[in-house]
Amino acid sequence: MSKRWLFGGLMLALVAAAPIFSLAPAAHARPEMRAGDDTPKMVELVMTDGRVIKAQILSETATEYRVLAFLMEGFPAVETTYRKSAVQEVRALEADAADSADTAPATKTNDDAKKNTSNAKDADKAAQIILTRVDGEIGFDFSPTPLRKFFTLVDETFNDLDERGDVVTDHRKDHIVIFYFNTQTYEAGGIDGLFSIMDIKEILQDEMKKGRRIVFWVERAVNGAAVLPMMSPEIFFTDNGDMLVTKDLDKFGQGGDDVVIEKQISLRLGHAEGFPILGGYTDVGPQIVRAMLRSPYEFWYKKVGGKVIAINDPPPPDDIENWIQLSDDGKGENQDKLGEDDNLFVIGNDRLWLDAARAYDLGIAKAICNTTDDIAFHLGVGRNYKLMLEDGGAEVFQRWSRELDRALRQISQGGNGRPRGELWKQFDKAGELNGIQAQLGRRKNSLEKIVGILRKYQEVFDPEGQTIAQLNVQIELLRQQIMQANAQN
Amino acid sequence: MRNALSRMNRLFAIVATLALVALAATPALADKVHTKDGRVLEGEIVRESSSFVTIRVKVGDEEKDITLFMSEVASVERTADEAPAPKTEPAKADPKPAKPQAVAAPSNNKPAEQPKARSSSAGATKIAFITLGDTKNGKDMVGPYVYADAIRSSLKILDELPEDQKPEIVVLWVDSGGGALVELEPLNRLVQYEMKPKYRTVAWIRSAISAAAMTSWPCEEIIMMTNAPIGACTAWSGNLQKMDGPALGELLKHMREVSRWGKKDPLIMQAMQVCEPDFPRNDLSADIDEHGNVTWYDGPEGQYMVCKKTDILTFNSIDAVKFGLAKGIADTKDEVAALLGCKEWIEVGPEANDFQVRFRDNLKLSETKLGELLQKINIALQFAQGAQTEQERNAQVGRALNYLRQMRAMVRKSPSLEFYEQWTKERFDAMEEQIKANRAR
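Protein sequence lines correspond, in order, to chains W and S. With this note's numbering, letter number 33 in the first sequence gets 33, and the count goes up by one each step, no holes. With this note's numbering, letter number 255 in the second sequence gets 1255, and the count goes up by one each step, no holes.
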């Protein structure tokens, strides 16, 4: 075994700490917008709708404020305009709020600030970028319904579709959607999470087919989320960015015959390899995916004439010095050794861990970028771009997450650290009511409400409809009991 | 089961005929509704909202109003909207037929020029597309969902099309994660003996795992979608228990025969089915000459190691093309047509695919509802048995019979359930007798 990276403890802690439904940024450092000394003072805009927005007022007219708004911690500031009628109060902040925020280098953000200010001069020609964070869990927070709504918002914002619903040719390059990825699929599922991203893949594929430019900016992408960005020909990493899979397919399942387990592994590899092929990484993508997913697949590469050649077996001994090995077969002496605390998630080199430097060297990442300016430069729009939407459209996903959270507070049956939902509590307490009809009626009513919520969010909570079917039977039973009770009275 | 299918056939034949008559009987200037499945309804739009459009079409001497949800509609043309559609307007299922495709796939596997679908059939190759399975919506299991009798019904719809509308090519668009091996032989024989003699039959793979890959195997032409897998054909049951003994021997023998039908080296399928240590098998390797011809080796001596003897083979699209299993990669119908060498093409027989879609939808609904209805029957019978009055008892029995009727209706629309879930007429009859026995005397 060669080098090991013991960052697993940190990773586990981050994953564990991340609220399932929250799209709020994670706590660790990331590039973000901060104000420099030469920029206007920070204020708080108290909006009439109750929001309080930290901002720098860049200019003002009789009716509007033009501001650099710091809408979310960890998110680039956005130049936008608020009607004065929507602002209840402007409060000066004692200290520069952004300075107390996080640890990103100020130089980068000063650049951003200047850029945003200067954009106004040639706004008509500016490229338009929607930059949205994807945190939380793919398939739950980031799922088909909010994603479709998001792209509707994107279309409305860019207003660039032709009569067939395709992006007009003139704007296929300069209207850009960037997904900033700090996300995973269900951790315990390992790469099986890719089955929960198939619908999302199709939506993104449809958008790309209609000419929408979709870019992934990866801070962390785990399990199914690790292969999803590979469907785009444009992937960027932050300097601490990485893609990884938390479970070795070679340790698939428990029990079963070897040949059937091989089949299960093979079909998963087949599905996963399709993602980088979709993104055009045909020379290295399938090899990368195999090495990420399964330990016996080694990863070796070399460059010939600038082109990367990758293989999953050791190269011929007489040529081995020309190859770089990133993962071994994990067998015998090569097996990564777990530490004393084997609960730690340990990344060794039994499987390929795709960090930013490797992704760039292998041609998966087009560049390593820590600021919006960086990525805009590498996207070919230079500094002449405009960030669209106050929050990059994140509200669509946040609203969905909130809805799911609210729904779960109603319908959760309890367990796994989640309290029993309100509707189930009502169901449980029905026995306290006077009269059998009232008790049965309350129970039936609770179940009907639960079914209603399940139907609304069926894609997440009950995609196969089995729970709904079971509850319908219970409702039928209660209905009959009520009829019987009524007849007896 | 076959009676039920015949009834459905007739229904769809009537629908198809109505659509065709509507096309033929339309005046030169008329409103047109282009549906997403490729049909064009011509007549007068009599009602319209954001969610639906109703068009009055002429069928023989009669006028008929057809209402379509906007989700089914690709576009609407009105007489007043300037000139009628140009003759070259495509009539294919893709709602945006004329757009350039932007697919990030290796260009060397894609046809350089894509033909455009046409609405006029003169000179254009006629192609029918039939979807087999739908993984996205969980309607993909070979057996219940990819069902030979149902496909035969789609085929019958094509067979009954007027000569000038019959397809020359039938593309089976496969999207399944596998299923019941018992359906495999009927499916293979259907393709080999009923489809291939009449139509150039092509498999277009969105996902073909296990029994789905084996279903595609008799097709001599396979086309992959960019991110499609094909393979992983190991037979198993229960808790990942392998198929073994004579049953496996028969299956391997059958697939060797099917490989011959599909003009494929049997070593490929063998590597998809078995591996060491459970079964003796050699490495699978291959040479590729300068013309792209592939020579397979039952051992490691080839230039390329395709599948080690300890692995089960699943091809991605790139390797499927590289090793000659597939003739190319296509993500749109236009690209498929180009790979098949069609300079111009027209989609025909969308009703054949409509049948599959409806068949799958009905089955999915039935799968969920049958269990629910069965339990509701049990509840009704329990209450019948505890009823205080004859009237109440008979009411409950009536309720149970009503649920049973709903179950029968569902199975009529989803005949594969007769075999795969044993929802046979005899079983229903017995249940009915049992329910009726609870009536008050």
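Honestly, the hints are just simulated from the structure, not real lab data. Nothing here was measured: the structure is a model prediction, and the numbers come from that model. For every residue, glycine included, the Cβ atom is placed at its ideal position computed from N, Cα and C. It is possible that part of the hints are untrue.
[Claimed, not checked] Which residues of chain S face chain W? A few of them, derived with a C-beta cut under 10 Å, are: (1) Met1272; (2) Ile1312; (3) Phe1315; (4) Asn1316; (5) Gln1396; (6) Gly1398; (7) Asn1402.
Each hint, compared with the structure:
1. Met1272: With a closest approach of 8 Å, the Met1272 of chain S hint holds.
2. Ile1312: 4 Å, holds
3. Phe1315: 7 Å, holds
4. Asn1316: At 4 Å from the nearest chain W Cβ, Asn1316 of chain S passes the 10 Å test, so the hint holds.
5. Gln1396: 8 Å, holds
6. Gly1398: Violated. Min distance 13 Å.
7. Asn1402: 12 Å, violated
Checked against the numbered hints given earlier, this structure breaks hints 6 and 7; the rest are met.
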